[in-house]
Amino acid sequence: MQVRIEELKKSFAEALALANSQEALEALRIEYLGKKGYVAELMQQLRFAEDKKAAGQLINSLKTYAEGEIEKATEQLRAAAIAAKVRSAKKYNPTLRFAEEQGSYHPITLATREVEEVFISMGFTIENYDEIVDDYKCFEALNIPKHHPARDMQDTYYLDNGQLLKTHTSAAQNYIMKKYGAPLRAIFPGRCFRNESTDACHENTFFQLEGMMIDENISISNLIYFMKTMLSEVFHRDVKVRLRPGFFPFVEPGFELDISCEICGGEGCPSCKNSGWLELCPCGMIHPNVLREGGIDTEKYSGFAFGLGLTRLAMMKYGVKDIRDFNSGNLKALSQFKSI
Amino acid sequence: MFLSMNWIGDFVDLSGLDKKALIKNFTLSTAEVEDIIEKGNQLSGVVVAKILSVENHPDSKKLHLLKVDKGDEVLDIVCGAPNVREGMKVALAIVGGQIGEITIAPRKVGGYMSYGMCCSEAELGISDDNSGLWEITDDIALGTDIKDVYDIDDIIFEVDNKSLTNRPDLWSHYGIAREFATITGRTLKCPELLDLAQFDSLPPVLVDVKATELCYRYSAIKVENVTRKISPVNMRIRLYYCGSRAINFLADLTNYVMMELGQPMHAFDNAKVDKIEVQTFPSEFKFATLDGIERNIDENMLMITSDNQPVAVAGVMGGDASKIDDDTTSLLLESATFDGVSVRKTTTRLGLRTDASQRYEKMLDPELCRLATERVLKLILDLDPDARVISSFTDVYAKRYPTITLEFDKRYVDRYTGIDISTDTIVKTLTSLGFGLTVDGDKFTAVVPSWRATKDVTIKADIIEEITRIYGYDNFEIFTAESPILPKRKETLKSEEDRMKDLLVKSYRLHEVHSYIWSDIKRNDELGITTPDNVRIINAQTPDHAILRRSMIPTLLSFAKDNRGYGDNFGIFEIGHTVDGLRENGECDEQNKLGVLLYSKTVGEEALFMRAADAVRELCVDILHKAPEFVSADPDYDFEHPVNSFDILVDGVKIGFIAVPHPTVCENIDKKCAIAFFEIKTESFAKTTVGRIKYAEPSKFPEIEIDVTFATDPANLAFTELTSAAKAAAGDILSDMWVKDIYTGEDGSYAVTLRFSFISHERTLTKQELSGVVESITTAFAGMGIAVK
Numbered sequence: 001m002q003v004r005i006e007e008l009k010k011s012f013a014e015a016l017a018l019a020n021s022q023e024a025l026e027a028l029r030i031e032y033l034g035k036k037g038y039v040a041e042l043m044q045q046l047r048f049a050e051d052k053k054a055a056g057q058l059i060n061s062l063k064t065y066a067e068g069e070i071e072k073a074t075e076q077l078r079a080a081a082i083a084a085k086v087r088s089a090k091k092y093n094p095t096l097r098f099a100e101e102q103g104s105y106h107p108i109t110l111a112t113r114e115v116e117e118v119f120i121s122m123g124f125t126i127e128n129y130d131e132i133v134d135d136y137k138c139f140e141a142l143n144i145p146k147h148h149p150a151r152d153m154q155d156t157y158y159l160d161n162g163q164l165l166k167t168h169t170s171a172a173q174n175y176i177m178k179k180y181g182a183p184l185r186a187i188f189p190g191r192c193f194r195n196e197s198t199d200a201c202h203e204n205t206f207f208q209l210e211g212m213m214i215d216e217n218i219s220i221s222n223l224i225y226f227m228k229t230m231l232s233e234v235f236h237r238d239v240k241v242r243l244r245p246g247f248f249p250f251v252e253p254g255f256e257l258d259i260s261c262e263i264c265g266g267e268g269c270p271s272c273k274n275s276g277w278l279e280l281c282p283c284g285m286i287h288p289n290v291l292r293e294g295g296i297d298t299e300k301y302s303g304f305a306f307g308l309g310l311t312r313l314a315m316m317k318y319g320v321k322d323i324r325d326f327n328s329g330n331l332k333a334l335s336q337f338k339s340i
Numbered sequence: 001m002f003l004s005m006n007w008i009g010d011f012v013d014l015s016g017l018d019k020k021a022l023i024k025n026f027t028l029s030t031a032e033v034e035d036i037i038e039k040g041n042q043l044s045g046v047v048v049a050k051i052l053s054v055e056n057h058p059d060s061k062k063l064h065l066l067k068v069d070k071g072d073e074v075l076d077i078v079c080g081a082p083n084v085r086e087g088m089k090v091a092l093a094i095v096g097g098q099i100g101e102i103t104i105a106p107r108k109v110g111g112y113m114s115y116g117m118c119c120s121e122a123e124l125g126i127s128d129d130n131s132g133l134w135e136i137t138d139d140i141a142l143g144t145d146i147k148d149v150y151d152i153d154d155i156i157f158e159v160d161n162k163s164l165t166n167r168p169d170l171w172s173h174y175g176i177a178r179e180f181a182t183i184t185g186r187t188l189k190c191p192e193l194l195d196l197a198q199f200d201s202l203p204p205v206l207v208d209v210k211a212t213e214l215c216y217r218y219s220a221i222k223v224e225n226v227t228r229k230i231s232p233v234n235m236r237i238r239l240y241y242c243g244s245r246a247i248n249f250l251a252d253l254t255n256y257v258m259m260e261l262g263q264p265m266h267a268f269d270n271a272k273v274d275k276i277e278v279q280t281f282p283s284e285f286k287f288a289t290l291d292g293i294e295r296n297i298d299e300n301m302l303m304i305t306s307d308n309q310p311v312a313v314a315g316v317m318g319g320d321a322s323k324i325d326d327d328t329t330s331l332l333l334e335s336a337t338f339d340g341v342s343v344r345k346t347t348t349r350l351g352l353r354t355d356a357s358q359r360y361e362k363m364l365d366p367e368l369c370r371l372a373t374e375r376v377l378k379l380i381l382d383l384d385p386d387a388r389v390i391s392s393f394t395d396v397y398a399k400r401y402p403t404i405t406l407e408f409d410k411r412y413v414d415r416y417t418g419i420d421i422s423t424d425t426i427v428k429t430l431t432s433l434g435f436g437l438t439v440d441g442d443k444f445t446a447v448v449p450s451w452r453a454t455k456d457v458t459i460k461a462d463i464i465e466e467i468t469r470i471y472g473y474d475n476f477e478i479f480t481a482e483s484p485i486l487p488k489r490k491e492t493l494k495s496e497e498d499r500m501k502d503l504l505v506k507s508y509r510l511h512e513v514h515s516y517i518w519s520d521i522k523r524n525d526e527l528g529i530t531t532p533d534n535v536r537i538i539n540a541q542t543p544d545h546a547i548l549r550r551s552m553i554p555t556l557l558s559f560a561k562d563n564r565g566y567g568d569n570f571g572i573f574e575i576g577h578t579v580d581g582l583r584e585n586g587e588c589d590e591q592n593k594l595g596v597l598l599y600s601k602t603v604g605e606e607a608l609f610m611r612a613a614d615a616v617r618e619l620c621v622d623i624l625h626k627a628p629e630f631v632s633a634d635p636d637y638d639f640e641h642p643v644n645s646f647d648i649l650v651d652g653v654k655i656g657f658i659a660v661p662h663p664t665v666c667e668n669i670d671k672k673c674a675i676a677f678f679e680i681k682t683e684s685f686a687k688t689t690v691g692r693i694k695y696a697e698p699s700k701f702p703e704i705e706i707d708v709t710f711a712t713d714p715a716n717l718a719f720t721e722l723t724s725a726a727k728a729a730a731g732d733i734l735s736d737m738w739v740k741d742i743y744t745g746e747d748g749s750y751a752v753t754l755r756f757s758f759i760s761h762e763r764t765l766t767k768q769e770l771s772g773v774v775e776s777i778t779t780a781f782a783g784m785g786i787a788v789k
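Those protein sequences? They're chains A and B, same order as listed.
For the first sequence, the positions run 1 to 340 when my numbering is used.
For the second sequence, the positions run 1 to 789 when my numbering is used.
Hints should not be assumed to be uniformly reliable.
[To be verified] Chain B is faced by these chain A residues, among others (derived, beta-carbon under 8 Å): (1) Ser88; (2) Gly103; (3) Arg244.
Just so you know, the hints here were simulated from the structure itself, not pulled from any lab data.
Here the structure is a predicted model, which means the values were calculated and not measured.
Glycine included, each C-beta is placed from N, C-alpha and C at the ideal position.
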């Protein structure tokens, strides 16, 4: 039996050397280790052996040897196959470009969202308001009585039912004060209309974003703080701001807020008319008459309000030279504003 | 408005200060400075000289050969000016001198050497007169540098008129000087005046203010024997630098006083106007103003008349017939305050805005009337000693502004500013600005000066502005507010509109556009769209833009046409406002709407339409967690296809419509394209309650899907009803069903394959068991006319 085992071991080694595929290995495994294989045959003959224990050990060692060799060979074959796969792999080219279509947001949406996010983080609610309002909302409630020269500054579109297209987002102040009362902090972006002829710098339809904060002890100092914080966030840098007196009937005191010119960094350039400053944001402490019209106790509360030219901001941020591009529907222009 | 620093210097001594820096500061504390212009800095080496002899140039008709005496030397000068004359005193730019870009050097002119240049006023920059040499008539020693005697060096700055709308007091050099005095802490000097009391015994001017509502004050005085014709050089230079031009002595004087004190004055020729009435007329008539234009005067316009003959449009412009001319020697001087609103309306109606009306519109201080008269008479009598006042100062003060007294305390100032501005600073600032201030501990009482009390300063918040603007906003320490921050949600409509945008841009790759709230009738006509009537804009820039839009779709259709060159496939959308006519209360029924349009040259109309329907479904499911229903409906608009137009319903409520365009419209856009669109009222959308997510424990047993093909036209599949029928037939184990495939045969027959998905929570379903269930479903469908193929 010992001789037989030695022969089998030798013949296995020879056959193994020739087996160069998984199939051949499997056949070899069945031939030697299968139910009817040589090893099984040897096991059947074990009972005739003289030294059963020694013979059993020899058979087992053959079995272990064959199993191990097949496993090793299988592993080698697999590794060789993988290596061949790697060698023959196709090289891809990610630099190739094909036609692609992505959606786009209107630049006003992008600018609005950016400002909104800043204010949400500071606890402001975001409000929505009509585009068509009455004389009261647009003027009277804002301390702009009839025949006030401020009405001349805002060429209004009047409708045949007596209403008008709102000339500024401030037209929502009264509504929002009445909706929430004090304390209150809210912003309200919206579309505004002025009856003027259009050119590269003027549009009759444009966006503003109005904000208000009302509480006890709201001060000019707070106003400057909030404006500076908001603008620094929007422009992703520490912007320099300056306030100068500005006249708007619905605030007292009223300010024009300028920021240091983005383009020249304050040195002076054609964009800022060589002043180094850009006028961006009319603001002020809400006029007591306006608070009163909104049902707010002026002895207890004060507040600030500001208006941000969103269209203007978008032009500055994205370097849009012609304001008319915004309402043109021209996808060659608008499709560039991919995503946020 | 242009302002001269020299002129301001008459009223406040700014010596030793950086004037340009001061002007820049003015922007921060008072009003926006738009420009700073340095005058005279390109002029040097110009002296007073006398022409001794004039000889014609032998070869030139224009040129003359002059001998000119500049005091220490007689020079040969070749000159081309037409008005050269022996004995004439001129401004001579000597060798080495500078006139603008030119440096004077000896050079040959017409073959003769010239050692200098005689100058015109325009060349010197002191007027626009370039018709000939400037003749100097003042008695000045030859050789004197003209800058030593005339105010040619000056700094002029331009203030944005718009930033002065609420400050009638700043429409003058004196008013601006007051600001500079406050900013610099220096003293304001009063202009030199003539005491009018000395004329009290003279006869008054006959003044009758009939329209007392429109005229606060009318004062007049008569002067005769004014013989001077030309104003002094320095006065002319100031007028010119400030944007006016010298006309004659009398006209210049009234202009000068207006620019100096802000009070418009009018000089009537006393030979033509001897008495004054201020009134309106009951009916329209024509009146020629002094610019020679005949204008329509209506019953609202305040007029100055003399013996009921109109002589001026009050506060706007004098009449042609009564204007002063070169022969005028006796004057009736008007110094009056008219109602600002009335003047503004008149200028609007006449389309005539003047320096005077511009100031009246701002609500002038009536107290200025007397001051201006005191000033103008001082100037007349100083400059023309022969002139004589022949009436008393006649003053009808018809209406007065009340004196305004404001009380406030330090705590109020602290609360409003958020910083601590000292009592001393408050007192100094307000006092310097002319407020009458009394302080009692922490309490202040401020009497508003008349020039700020016409409308500008009325409440204590106005006082805050006065204190803070002079304190300087750059000097503010800034703090955040102490109010608590409470969580706030975006308003539902707004946040849902935002989500719609995200979905359409990101999942459907659409482009967001913006357009206008009005219809474009011309474009609609081009596309074959009838513009439905709606609320109209009264003052639209063109009648084509007068009707407000009802739907978002027409603009999207015209944008589709505009963008044909952009690509074969694109989609656009706009969220905006429309008006659905009027509500019962007469107000516009304003609606927020989303309009979406898909365009393709490669995809068929049906597929495009299905994609649009898919987007609607996605919007509803994603945002509302609810599936929409589509119900075939008659189109609301003629741009929709009569067959393929559907209402979109959620919870049984119509929230919009989906359609393809009418073939006419489609062909007008492009003969080879397909278009589909839908519109959703975002407010109805936002009002829908959002379906809650209901969690179901996942089944441990496998899901089985079975496909069944039906012989039916897909157009006839009422999917919502079919789904309910299937659920009724199959019971709880039918978890979902959808269209797997649609087959269109060449013979026009159809086959629709539906996939049914079954699952049980209790056991594994068997095919045998399900075949019975499928049979009950098909039986139910057969009852609805949908047969298995």
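Hint by hint, here is what the structure shows:
At its closest, the beta carbon of Ser88(A) sits 37 Å from a beta carbon of chain B; the interface hint therefore is violated under the 8 Å criterion. Restraint check, Gly103(A) versus chain B: the minimum CB separation of about 4 Å is within 8 Å; hint holds. The interface hint given for Arg244(A) holds, since its Cβ lies 5 Å from the closest Cβ of chain B, which is under the 8 Å cut-off.
Comparing the model with each earlier hint shows a violation of hint 1 alone; every other hint is respected.
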